[in-house]
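Student: Single-letter residue listing:
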Amino acid sequence: MKRSLFSRIWPNATAVILFIGFVFPVYWMFATAFKPTGDIISENPVWFPTHITFDHFKTATGVDHFWTYVTNSLIVTVCAVVLSLAVALAGAFALARMRFKGRRGFIIGFMLAQMAPWEVMIIAMYMIVRDASMLNSLVPLTVFYMMMILPFTILTLRGFVAAVPKDLEEAAMVDGCTRAQAFRKVILPLLAPGLMSTSLFGFITAWNEFPLVLVLNKEAEAQTLPLWLSSFQTAFGDDWGATMAASSLFAVPILILFVFLQRRAVNGLTAGAVKG
Amino acid sequence: MKRKLITAIGVAAMLVSVAACGGDDGDSGDKAGADGYAGQTLTVWVMDGSSPDQWQKDVQAAFEKKTKAKVKFEIQQWNGIQQKLTTALSEENPPDVFEIGNTQTPAYAKTGGLADLADLKSSIGADWTESLNKSSIYDGKQYAAPWYFANRVVIYNKKVWADAGIKDTPKTRDEFYADLKQIGEKTKAEPIYLPGQNWYHFVGLTIGEGAELVKKDGDKYVSNLDDPKVAAAMETYKKFQALSKAPKDKDEATPQQAEVFAKGNVGAFIGMGWEAGTAIAANKKIESDIGYFTIPGATADKPEGVFLGGSNLAVAAGSKKQALANEFLKIALSDKYEGELAKLNGVIPNKESLQTNLTGNAVAEAAAPAAAGGGTTPLIPEWAAVENAPNPVKTYMTAVLNGKTPAEAAKQVESEFNKRLAQQQ
Amino acid sequence: MTVQTERPPSGPVDVTKPDQRGPGEQRPASRAGALAPYLLLLPACAATVLLLGWPLLKDLLLSFQNLNMGQLIQHVTEWNGIENYKQALTGEDFWRVTGRSILFTAVNVVLTMLLGALVGLLLARLGKRMRVTLMVGLVLAWAMPVVAATTVYQWLFAQRFGVVNWVLDKLGWHSMADYSWTSSQLSTFFVVTVLIVWQSIPFVAINLYAATTTIPGELYEAAALDGAGAWKSFTTVTLPFLRPFLYATTFLEVIWIFKAFVQVFTINGGGPDRLTEILPVYAYIEGVGNQHYGMGAAIAVLTILILLAITAYYLRIVLKQEEDEL
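Line order of the protein sequences matches chains A, B and C.
Under our numbering, the residue at position 55 of the first sequence is numbered 55, and the numbers go up by one with no gaps.
So the mapping is simple: our numbering equals the position in the second sequence, first residue as 1, plus 276.
So the mapping is simple: our numbering equals the position in the third sequence, first residue as 1, plus 701.
These aren't lab readings, by the way, just hints derived from the structure by calculation.
Quantities reported herein were computed from a predicted structural model and do not represent experimental measurements.
Honestly, I wouldn't trust all of these hints.
Stated by the list, open to error - The list that follows gives simulated cross-link-like pairs (lysine-lysine, DSBU-like), each with its CA atoms no further than 35 Å apart:
no. : chain 1 : residue 1 : chain 2 : residue 2
1   : B       : Lys360    : C       : Lys759
2   : B       : Lys687    : C       : Lys787
3   : A       : Lys58     : B       : Lys619
4   : A       : Lys58     : C       : Lys871
5   : C       : Lys871    : B       : Lys521
6   : C       : Lys787    : B       : Lys496
7   : B       : Lys596    : C       : Lys759
Unchecked claim - Which chain A residues face chain B? A few, computed with CB under 10 Å, are given here:
no. : residue
8   : Met127
9   : Ser133
10  : Leu135
11  : Asn136
12  : Leu214
13  : Lys218
14  : Asp239
Ideal placement from N, C-alpha and C gives every residue a C-beta, glycine not left out.
All chains should be built: construct the whole structure from the sequences, respecting the hints.
Tutor: In structure tokens form, the structure reads like this:
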């Protein structure tokens, strides 16, 4: 088969254009964060930061309670993700490997749960937490975030569990393992990539959430980073340098996680999505 | 009928909670022992920019000395404050004392979320200026204490005006416009920073025109934006807004207009005196260039109408520290600290006798001439709902600025406006 | 296939093969085993009932109440029957917002799926180095937290000093030099759509690419033997193979985009003139923003029902599919 020069070039050319399109907003965020204000508000954009400055980062992190927000965000996110993985793994195993009455009902149930529009139920959640005297605490946040990511986690993990060949498990049991041992020694290691990729999505969701924490936690001691970021525009006006520095700081943990887990995430998701 | 019942329940509940917490000699949680109130902390919400650090520190010191208790100031943003306040008041530990805008006070008084301050009024409020105390009274009861009042002035950059060759500040609206035009022609600066939704300034203009924003239709209030006098005010706004590059669909807080001004490339903006402080905080170098003048009216003898903005201090009905909160108010509103606030911020204090603190204050001198002709938004409980985002008055302004006629714009927002005024409480 | 239900549904697959069982297992153990799936699902179900069911129920109860500032502050429960629903359903606002929401979801999902699929197929055609490069770009966009991405887009599309306006101006479109993207309904939706599609394409593209790599090569060989051209083999091999994946992804995109509260709310607060409010934003503004909490709860319930209606078709497919599985 002979291919014209054109047909060899266009995929690459398109790819380059797409690459620029996808990367530019991310690049522009970092670039703006490092530019001195004069270069940010200039009639002609300064495409590459030539005079690097860290001032904007100082402004962004100089906010009262910044480190409290960081700690809170980390605690809430990590706990929510770990909890949901543990709860989901048990459920996913049952759904993928066992046959029992009502199995379909459970699956549909979790799919429905996945659709829950949390933002519109904020006031109901607020009143529940208020009446339980749990405001300004990280506990309700953690469990609600856990719930927000739980359905997706279960359904995705179910795909991963199903993808582990049954023969392996059976072989282990023939070798004298109990079912629990077989799970721990054979299935769990094979599930590791799946667990990682699912946790990634949970991490993003929990890391991002802000409507709920906005109403639940009025005290700075119990607030998280999204509030810090979303308050920037009022607090710093049109100081785009500081705002972009804040955005960069907020995005970096997720970007790093993604870079580490990307490959596994991708393969895993396909397994999950197709099954889901 | 039902509504009355609810109000009755509300008032009863409030009375109970107030009674439970006691007046000056309430239950154990709120008693001044030998140590005073040692170990207790009073939470006070104040709005961003309304009270200087110096004042907070001084009041804190005086309060701690007198009561042995601590006071914690928490700075709040105006944006979204109503939702935050409503939920906070429903909680177990509401802020004990909080600043509340005068136009929002009647609605909160009606909810029963504010404690009755009759005792405070009789002990320190005998000579509160009556017109300033109006918003704190609902159904004949004192639900808040007047704190400070202010009206907008023109804050300008002397250097820019000098660069444009202007020697004197304008005395009439036309002169003001001509000066701004001249700045636009002779300098590189933006003549005025006026975003499309500086609606308090617009309310001021309607007051200048003698217009009302709502009218009575039977026993309920409805929109009066279609009044030609409102249209006239809007035309004035539009004329000046055309000189600004500020967004037509944003208010003065996004971005903070003082921070835009602080960059030194803006001729003037219409704002509260303390916004100069915000500008100086953003750019120290601007300090020596800042000047103030009264917003000029149609004729030289009468300044522009202004919105007499102000804040009251209220005590949460659900606060468990009623007595301590009263102690705080007695200190914060005492002649000494009320006077200090007036002096530092150039705001109108709650007593006429304290106005001497304003002598020599550039902001106050610019603001005072207009204050006499100032007014407020309607002081009715129904009004608070109008101010919730998206505020139909702001929508109206943006619509006109984007090319609709005032009549069309008034018609466009009418149903939303009326819906909010009629909203079931 | 090692757990036996007490009363197995009919069908040969359900018969447990005794030889697969571990030597130590006895009958009683398997009776306990019948409970195992329920025990394993218990934590997940308990969490769902407690943390999702309860707020849902609470929301439903609130939707039959007149709940405003006063009632919230005083903790007063004031039932008002179906008044909230009556008001919402008889007003034209709700239906207008619903229509807008559906259109908004449709446009964004179609764009995302179409462009995502094209990018995915492009990935499959690229050489290794180029593919990895593009993947990195996609992953970066994908990984941007929504709150940060939304802020960045506000800056890109800022009226003054925004880089988009600058580029348009330089391209000869001078009226765009100081254009306010938040000034009209269409331009606001345009920005939101660009943001959402930009963030959603990577998920679709990367997954679709990964899925194509799992298509057995023999299928293509067989198609080629039958004389199928590129297009024919695409429609007869690639597409059918990817169908379940496309269904699943579309479902996820529909619910994600329908619920795109943060993007729409942050970019322009549902403005101008409330013209870009989609259902979740409408529920928030009427309920929380307007302090008309009972009304907000009613709109929330209606929103959930509409989302269910939209996804009903897909859920039915899943139901059927599950019947055939295992």
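Student: Does Lys759 (chain C) sit within 35 Å of Lys360 (chain B), going by the straight-line distance between their CA atoms?
Tutor: 21 Å, holds
Student: Given the hinted pair Lys871 (chain C) and Lys521 (chain B), is their Cα-Cα distance within 35 Å?
Tutor: 20 Å, holds
Student: Let me know if the C-beta of Leu214 (chain A) comes in closer than 10 Å to any C-beta of chain B, holds or violated.
Tutor: This hint holds: Leu214 (chain A) lies near chain B, its Cβ roughly 8 Å from the closest one there, short of 10 Å.
Student: For the pair supplied as a hint, Lys58 (chain A) and Lys871 (chain C), confirm whether the alpha-carbon distance does not exceed 35 Å.
Tutor: It holds: about 34 Å lies between the C-alpha atoms, which stays within 35 Å.
Student: For the pair supplied as a hint, Lys787 (chain C) and Lys496 (chain B), confirm whether the alpha-carbon distance does not exceed 35 Å.
Tutor: Measuring from Cα to Cα gives roughly 22 Å; hence the hint holds.
Student: Against chain B, with CB atoms and a cut of 10 Å, does the hint on Asp239 (chain A) hold up?
Tutor: 7 Å, holds
Student: Taking 35 Å as the top limit, are the C-alpha atoms of Lys58 (chain A) and Lys619 (chain B) close enough?
Tutor: 33 Å, holds
Student: Should the hint that Ser133 (chain A) touches chain B count as held when the rule is a Cβ pair under 10 Å?
Tutor: 6 Å, holds
Student: Under 10 Å is the threshold here; is the Cβ of Met127 (chain A) close enough to any Cβ of chain B for the hint to stand?
Tutor: Check passed: Cβ of Met127 (chain A) comes within 9 Å of chain B, closer than 10 Å.
Student: Per the CB criterion, is Lys218 (chain A) less than 10 Å away from chain B?
Tutor: Because about 6 Å separates Lys218 (chain A) from the closest Cβ in chain B, which is inside the 10 Å limit, the hint holds.
Student: Under the criterion of a CB-CB separation shorter than 10 Å, is Leu135 (chain A) in contact with chain B as hinted?
Tutor: Status holds, d = 6 Å.
Student: So if I understand the rule, the pair passes when the alpha-carbon distance is 35 Å or less; does Lys687 (chain B) with Lys787 (chain C) pass?
Tutor: 25 Å, holds
Consistency note: the structure conflicts with none of the earlier hints.
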